Each structure stands twice: as C-alpha cells, then as structure tokens.
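Colleague: Quick mapping for you: the protein sequence lines, in order, are chains A and B. Mapping of the first sequence onto the numbering used here: position 376 corresponds to residue 376, and the numbering continues sequentially without gaps. Mapping of the second sequence onto the numbering used here: position 292 corresponds to residue 292, and the numbering continues sequentially without gaps.
Wrong hints could be hidden among the right ones.
Quick look at which bits of chain A chain B covers, simulated, 3 or more residues with Cβ under 8 Å [as the list claims (entries may be wrong)]: (1) 47-53; (2) 273-283.
Listed next, the stretches of chain A that the computed footprint assigns to chain B, with coverage defined by at least 3 CB atoms under 8 Å from CB atoms of chain B [unchecked claim]: (3) 145-154; (4) 291-300.
Below, a sample of chain A positions facing chain B; criterion: calculated Cβ distance under 8 Å [stated by the list, open to error]: (5) A58; (6) P60; (7) A64; (8) W71; (9) G100; (10) S113; (11) I165; (12) G247; (13) P269; (14) A305; (15) G381.
If you're looking for bench data, these hints aren't it; they were derived computationally from the structure. What you are looking at is a predicted structure, and each value in this text was computed from that prediction instead of being measured. For glycine and all other residues, C-beta sits at the position ideal for the given N, C-alpha and C.
There are 2 protein chains.
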Amino acid sequence: MSSPNCGRREAVSDPGTLRGEAAALDAADALRAKRAEFVLDDDTVYLDGNSLGALPRAVPARLADVVGREWGRLRIRSWSESGWWTAPERVGDRVGRLVGAGPGRIVVGDSTSVNVFKAVVAAVRMGEGAGAGGRARDEILVDAGTFPTDGYIAASAARLTGCRIRAVPVGDLAAAAGPRTAVALVNHVDYRTGRLHDLPALTAAVHATGARIVWDLCHSAGALPVGLDAHGVDLAVGCTYKYLNGGPGAPAFLYVRRDLQPRFDSPLPGWNSHADPFGMAPDHTPAGGPQCGRVGTPDILSLLALDAALDVWEDVDLTAVRAKSLALTDFFLRCAEAYVPAGRVVSVTPVAHAERGSQVALKAAPAEAAAGTMAELVRRGVVGDHRPPDLLRFGFTPLYTTFGEVERAARTLGEVLGDVLT
Amino acid sequence: MSSPNCGRREAVSDPGTLRGEAAALDAADALRAKRAEFVLDDDTVYLDGNSLGALPRAVPARLADVVGREWGRLRIRSWSESGWWTAPERVGDRVGRLVGAGPGRIVVGDSTSVNVFKAVVAAVRMGEGAGAGGRARDEILVDAGTFPTDGYIAASAARLTGCRIRAVPVGDLAAAAGPRTAVALVNHVDYRTGRLHDLPALTAAVHATGARIVWDLCHSAGALPVGLDAHGVDLAVGCTYKYLNGGPGAPAFLYVRRDLQPRFDSPLPGWNSHADPFGMAPDHTPAGGPQCGRVGTPDILSLLALDAALDVWEDVDLTAVRAKSLALTDFFLRCAEAYVPAGRVVSVTPVAHAERGSQVALKAAPAEAAAGTMAELVRRGVVGDHRPPDLLRFGFTPLYTTFGEVERAARTLGEVLGDVLT
C-alpha cells in the first residue's frame with residue numbers, strides 16, 4: 001500500500017509477526033467479551049458495521065415477545081401497559097447516553113432524512129429576523145462532502161423556507177458562516193473518507209456568527225464520544241443501524257437542545273408532537289419537551305428491536321470504544337502497509353487520530369479495479385463495501401471486531417490484489 | 001338504544017333469538033375460515049381492529065427469519081439477496097391490490113403524517129401557475145372533521161408553500177373547491193363517526209375545478225373496496241396497522257397516480273427517491289416511478305412484518321369483505337337496539353350502507369358516562385375504544401370478527417349500561 005505518511009513499501013510483511021501482534025492485542029482487549037453478545041460467524045470478517053451493524057443476540061427473543069405477547073395478546077392495551085407510547089423518548093434517552101445527551105433531549109423515530117428536514121427547517125425558523133441589520137438569516141450552509149440525502153433535504157428545506165443553500169467544504173465552513181447564515185448542516189464523520197470533523201470547534205465558530213448548527217452523527221454515534229450537551233450543539237440527527245446495531249432501517253434519532261425545545265417549530269407537526277395528543281384538537285399546540293420532534297405513530301416493532309439492541313451498551317464506556325476503534329484502524333493501516341503491493345491502494349482516511357472516525361477508506365488504482373476487488377474480498381470472507389468510483393471502505397466496530405480479523409482482512413486484501421494483477 | 005331510524009325501544013330483546021341468528025350468520029359466513037389465521041382468544045371480543053389490527057399467525061415466524069437469518073446471517077447482503085431494497089414497492093403492490101391500485105402506484109414507508117405532507121406539497125406543486133387567469137392555485141381545502149394530524153400537516157404544507165388553508169365540512173367540499181384550489185385533502189371514512197364519504201363523486205367534483213385530491217384511506221383500506229385507479233384519484237395515503245393488521249406503527253403507504261409520478265416533486269427528496277440512489281450525486285434527480293414517494297432507508301423489520309401480515313389477503317375478495325362488514329355493523333346496530341336501555345346511547349354512524357365504513361360509534365348520554373362505560377366493557381372482555389368526550393367506538397374487522405361476538409358485545413353493553421345507572 002502507498003499511504004500519505006509512508007510512501008515506501010514496508011520491508012517487513014511477515015504474517016507471523018502481525019498475527020502474533022493481533023493475538024496479543026486481542027488478549028489485552030478490554031471489550032473482548034462484548035463480541036459474544038452478537039451473532040457472528042468466524043468464517044466471515046464483517047467490516048461493514050458502518051453500513052449495517054451485526055445482530056445483537058438479545059434482539060430475537062425480545063422482538064418475539066413484543067410481537068407474540070404485546071401485540072398478539074395485549075393488542076391495543078400495549079400502548080399504555082407495554083410502554084409503547086413513551087418508547088420514542090425512553091429509547092431516545094438510551095441513545096442519548098451514547099452521544100453525550102442528558103435525558104429528555106432525544107426522540108427516536110422516522111428516517112435520518114426526515115429528521116434532517118425537521119432539524120434544518122426548525123433551525124431556520126429559530127433564526128428568523130435575527131440576522132444582520134434585522135434582516136432574516138436566509139442562508140443554509142451544507143458540508144460539500146455530505147452524504148447526498150442531507151444535501152437534497154437541505155435544498156428542499158431552503159426552497160420551502162425561502163433560503164439559499166451553499167455547499168462549502170467543511171474546512172471552510174467556519175469562515176463561510178456569517179450574519180446571513182441561518183444554519184450549517186455538517187456530517188460528523190465523512191461517509192467516504194472516514195474523516196472526523198471537529199465538532200466542538202465548528203459548533204463554537206458557527207455559534208459565534210449567531211447561526212445554528214445541525215450535526216449528522218450517522219457515522220459517529222456508537223463509534224466515539226460525541227458530547228452534544230457539553231459542546232452546546234443545537235440540533236443533531238443520526239441513524240441507529242450502523243454502530244448502534246439497531247437493525248436494517250431502524251428508526252433514526254433527533255436531538256434538540258433542552259432550551260431550544262420550546263422554540264422547535266416543526267415542519268412536520270403530527271399528532272404525536274401535540275402538547276395534548278389525545279385531545280384531538282383542530283389546531284396544533286407543540287409539545288414543549290423532546291416530543292416536539294415526533295410526528296406520527298411510532299413504529300413499535302423496529303423501535304423495540306433497537307431498544308433490545310441497545311442492551312449491549314449498558315456496561316460500555318465510550319472512551320474504551322474510542323481507544324479500541326483507533327487501535328483497530330491503526331492496526332489495519334499497518335497491516336495493509338505490510339501486505340498490500342505498493343501502488344495498488346492509498347488510504348484517504350486521515351492519519352491523525354483527531355481526524356479519524358471508525359472506518360478506513362482505501363482508494364484503488366486503477367479505479368476500475370475497485371468493484372472487482374471488493375467482490376473478490378467478499379467471496380473470500382472479508383466483507384467491506386465499495387463506494388464508486390474507486391473507494392474500498394472498511395468499517396471497524398469496536399464491540400465485535402477483533403484484531404485477528406483486522407490482520408486477516410488486510411492479508412486477504414493483499415492476496416486479492418496480488419492475485420488479480422500480478 | 002335510541003337510533004336515528006328508530007326512536008322507540010324495540011320490543012323484542014330476547015337474547016336467545018339474537019344468539020340463534022348470530023350462529024346462523026356465522027355458519028353462513030364466507031370468510032369464517034380466515035379467523036383461524038389470527039391470534040385471538042375467545043374470552044375477548046376485540047372490536048378495536050380499527051385502531052390496531054390483531055396479529056396474523058404468519059408474522060412471528062417470518063419476522064424471526066428476517067431477524068435471525070436475513071439480518072443475523074446475511075447481514076448487508078440482504079439488501080439485494082433478500083430483496084430488502086425493493087420491498088417498499090413490492091409490499092406497496094400488495095397493498096395496491098386491496099385499494100384498487102395497479103402495480104407500480106404505491107410505496108410503503110414512513111408514517112401517515114409524513115406521507116400526507118409529501119402528498120399535499122406535491123399536489124400544490126402540480127397546480128402551480130395553473131389556476132384561474134394564470135394565477136397560482138394557492139388554497140388547500142381540508143375535511144373539517146379530519147383526523148387532527150392531517151389538518152396539522154396540511155396547515156404546515158400551506159405555510160411552507162405560501163397557500164392558505166380552509167377547513168370545510170366534507171358535504172360542502174365540492175361546492176367549496178374553485179379555481180384557486182390547489183388540492184383537497186379528505187378522509188375516506190371519518191375516524192369518529194364512521195361515515196364513509198363518496199370518493200368517486202368527490203374526486204370528480206374536485207377534478208372539475210382543476211384541483212387535485214388527496215384521500216386518506218386509514219379507515220377504509222382493508223375494510224371496503226376503494227378503486228383508486230378506477231376513479232382517477234390523484235394521490236392517497238393510508239396506514240397499515242388497522243384493517244391491514246401490519247402491527248403497531250407499521251409503515252404507511254403513499255399512492256401516486258401513474259401519470260403523475262414524473263411530476264411528483266417531493267418536499268422530502270431523500271436518497272431513496274433519487275433516479276440513481278447509489279450514484280451518490282450531489283443533486284437530486286427524482287425517480288420517475290413509485291419510488292418518487294420514498295425518502296430514507298426503509299424500515300425493514302416493520303415492513304416485512306407487514307408483508308407477512310398481508311398473506312391473509314391472498315385469497316380474499318374485497319367484495320366479500322364489504323358485504324360482511326355491512327352485515328356485522330347492521331347486526332350490531334340491531335342487537336344494540338334490542339339490548340341497550342333507551343336513551344343511553346345513540347348511534348352517530350350513518351344508517352345508509354353507502355355512507356357507512358366498518359365501525360359503529362355510539363354517543364353516550366350523559367357524556368361523562370362514556371369513559372367509565374368503555375372501561376367496564378373492557379373489564380368484561382369487550383374491547384372497543386373511547387373518543388372524548390362522549391363516543392364509544394366499535395370497529396368490525398370482517399376477517400376475524402364473528403356475529404356471535406357482535407351479539408355478545410351488544411349484550412354486554414346493554415348489561416353495563418343497565419348496571420351502571422339502573
């Protein structure tokens with residue numbers, strides 16, 4: 001491999017050495033017991049938990065009970081007796097602990113896209129009439145490297161609220177924000193490169209201009225400490241099916257800072273966000289708490305599957321998760337450096353720990369080799385994913401990925417690239 | 001009971017007669033075999049399927065397979081190999097058969113509220129610049145008796161698109177629609193009274209003014225034939241957890257008439273509604289088919305639970321469902337007339353078949369007795385629900401409700417009202 005920090009092919013590529021090191025790292029891993037709480041098979045190295053997390057063992061039995069007893073036997077009574085009605089906030093509080101949000105800040109429900117829409121429109125409305133010279137803040141800034149849906153939804157929010165939208169590289173966002181800026185929408189971790197952005201600094205910089213900031217935590221929630229409350233973040237969204245292992249398409253979450261909840265003017269004021277949802281009043285009076293982010297009837301089966309999936313986090317410290325995440329990605333980069341023929345891939349993931357999420361993306365050369373390389377990797381039991389045109393993406397989930405798997409993945413990648421073109 | 005068609009107390013209230021009649025009706029019921037496909041207990045008469053449908057027996061095993069094998073073993077591969085990615089349209093087609101929509105008109109996903117938002121905003125955009133004298137159509141009409149969330153969401157759509165909103169009783173809608181009307185949002189069946197509105201006539205009347213119509217089918221889908229394609233309906237939404245038995249908070253559906261799909265300009269253009277969702281392009285190019293109504297990643301567990309729940313419909317003819325539904329509500333009204341002391345309740349559900357959905361709502365006198373009456377009914381094993389201030393609501397699900405249960409429910413209601421105040 002050619003890496004930005006090390007252009008030369010590393011001399012030592014003896015698998016024995018790195019395998020031994022992997023074994024030692026696994027033996028010393030403070031989180032090693034967590035792997036047993038997931039359904040995994042030793043034939044496959046699953047490095048796609050940044051797309052869909054593995055199944056926690058607690059989920060099937062819990063979901064069977066939700067379906068068979070709560071729905072099947074109690075039926076309508078479960079809305080109160082089984083706590084269905086309050087599940088969006090209850091599960092939200094559990095997610096909150098993992099992203100540094102105190103109780104009562106988060107609701108779970110809807111997709112990330114829908115939550116981006118609520119957050120961006122609500123943020124624009126918080127800034128109305130508050131810009132320079134009394135003019136409305138009418139600009140939405142969006143991370144130029146954003147996952148596409150955030151950009152599409154932000155553009156729709158701009159169109160509907162009479163704002164203009166401007167895509168800006170994250171590095172330029174602090175300078176770009178100004179008195180016309182209503183809100184900046186930023187991805188905490190870039191979904192392609194795995195670059196981690198500086199949430200505290202960027203939040204402070206955007207706040208200094210009087211604007212709001214919405215963070216998309218899809219690729220950081222459950223992978224590293226976030227500190228939403230501590231850094232005064234206004235609004236945040238994120239999905240729960242990546243590092244939180246909530247299941248395919250599990251409901252997303254929406255964070256609204258406590259003091260902003262009474263000012264959260266939702267563009268999707270469904271009956272669930274009404275201050276008195278069962279009053280069936282003809283006009284909408286917004287709920288003042290985290291319920292302000294709800295819309296329609298919560299999707300109970302998926303929500304309670306997520307609830308069960310969150311059990312694995314009960315005894316987990318995010319600091320330990322972050323430490324292992326960095327150790328895994330460091331080790332993968334070293335192994336790839338050792339095993340992969342020079343010139344075939346180059347890492348686009350930052351070397352600096354402060355700028356790295358929990359994935360590594362390797363740019364393939366030639367670009368056309370990327371898809372075939374990933375297909376062959378999967379055939380050989382190493383599951384990452386391919387993001388066109390030329391990225392090979394590997395996600396590392398500290399709760400279940402072992403260093404032994406990391407060594408095997410890099411070694412297999414080296415073998416595939418050696419076989420394919422040599 | 002006092003009913004609009006019959007002010008006098010019926011002379012015959014011999015339970016033996018009505019029980020015998022119930023037994024004969026059950027014996028002749030063409031749908032009687034369907035009940036065995038649901039989890040029900042004979043101790044409870046469940047007349048709340050218009051709020052949450054009972055659990056179809058096929059669901060638990062299917063969901064266990066989706067969780068254990070598709071998610072647990074195949075993981076990310078299931079997006080293609082298990083057909084997850086195309087499930088919103090595939091399940092949509094199955095719902096389509098039940099509401100008179102051909103393949104490729106419906107997607108399943110999001111909540112009803114979110115789908116109302118998409119439909120109303122998209123309808124307004126279809127009419128832009130098309131009103132009288134070249135002026136924009138800038139008025140949204142909404143059924144004055146609507147389920148509240150539809151009104152809240154329509155008001156939000158109006159605010160965001162620069163329209164005004166006007167609530168009009170359904171009976172006046174045809175006259176109220178005019179050259180400024182962009183869209184009318186109407187409930188097919190009133191959630192309180194159970195009144196069925198005339199979909200073909202109202203659709204034609206609104207179309208005659210050049211406006212669009214959005215039908216909310218929450219209380220009709222699975223209860224009676226709808227005929228969306230046949231009547232040229234523009235857009236429709238509905239939930240799947242009432243008569244379609246999809247489970248608590250199961251994803252809702254959105255119908256977009258075939259010729260309108262290329263013009264469906266969604267206010268929630270997520271990556272799933274992109275013409276090339278995996279191209280990750282920075283700009284949104286809308287999908288031309290039913291995918292135009294998708295937003296974010298589909299909620300697979302709930303969606304496939306619904307898919308399994310729809311199996312019960314495979315051999316069911318909606319005409320038979322409608323016939324039994326009317327027979328059930330007719331019989332309930334007769335039994336209530338016979339058993340309930342005069343003056344204690346009056347039906348607010350229309351007597352005419354053409355104006356009746358699949359529920360009966362009884363207005364209690366005095367109003368304060370309603371909550372206690374329903375609580376006591378539930379304690380005695382008859383589950384309906386109470387809608388404040390004074391409505392006792394009973395839903396009849398033709399696939400599993402028996403005439404014997406109807407007789408028991410009315411008899412128990414009579415006993416409760418007799419016990420409570422006599």
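Colleague: Count residues of the stretch 291-300 of chain A with a Cβ under 8 Å from any Cβ of chain B, then say if the count reaches three.
Modeller: holds (count 6)
Colleague: So, A:A64 near chain B? Judge it on the closest CB pair being under 8 Å.
Modeller: holds (6 Å)
Colleague: Regarding the hint that A:A305 lies at the interface with chain B, is the smallest CB-CB distance below 8 Å?
Modeller: holds (6 Å)
Colleague: When the nearest CB of chain B is found for A:G381, is that gap smaller than 8 Å?
Modeller: With a closest approach of 12 Å, the A:G381 hint is violated.
Colleague: Should the interface hint for A:S113 be scored as holding, given a Cβ-Cβ cut-off of 8 Å against chain B?
Modeller: With a closest approach of 4 Å, the A:S113 hint holds.
Colleague: How about A:G100: closest beta carbon in chain B under 8 Å, or not?
Modeller: Result: violated, 24 Å to nearest chain B Cβ.
Colleague: Taking the closest Cβ pair, is A:P269 under 8 Å from chain B?
Modeller: The hint holds - A:P269 has a Cβ within 8 Å of chain B, the shortest such distance being about 5 Å.
Colleague: Can the hint on A:P60 be confirmed by a CB-to-CB distance to chain B that is less than 8 Å?
Modeller: Hint holds; A:P60 Cβ to chain B Cβ min 5 Å, cut 8 Å.
Colleague: Double-check A:G247 for me: the hint is only fine if its C-beta lies closer than 8 Å to a C-beta in chain B.
Modeller: holds (5 Å)
Colleague: Let's test the interface hint: is any C-beta of chain B closer than 8 Å to that of A:I165?
Modeller: violated (11 Å)
Colleague: Per the coverage rule (Cβ-Cβ under 8 Å, at least three residues), is the stretch 145-154 of chain A covered by chain B?
Modeller: As far as the stretch 145-154 of chain A goes, the hint holds, because 6 residues have Cβ atoms under 8 Å from chain B.
Colleague: For the stretch 273-283 of chain A, count the residues whose Cβ lies under 8 Å from any Cβ of chain B; is that count three or more?
Modeller: The restraint on the stretch 273-283 of chain A holds, since 7 of its residues have a Cβ under 8 Å from chain B and three suffice.
Checked against the numbered hints listed earlier, the structure breaks hints 5, 9, 11, 15; every other hint is satisfied.
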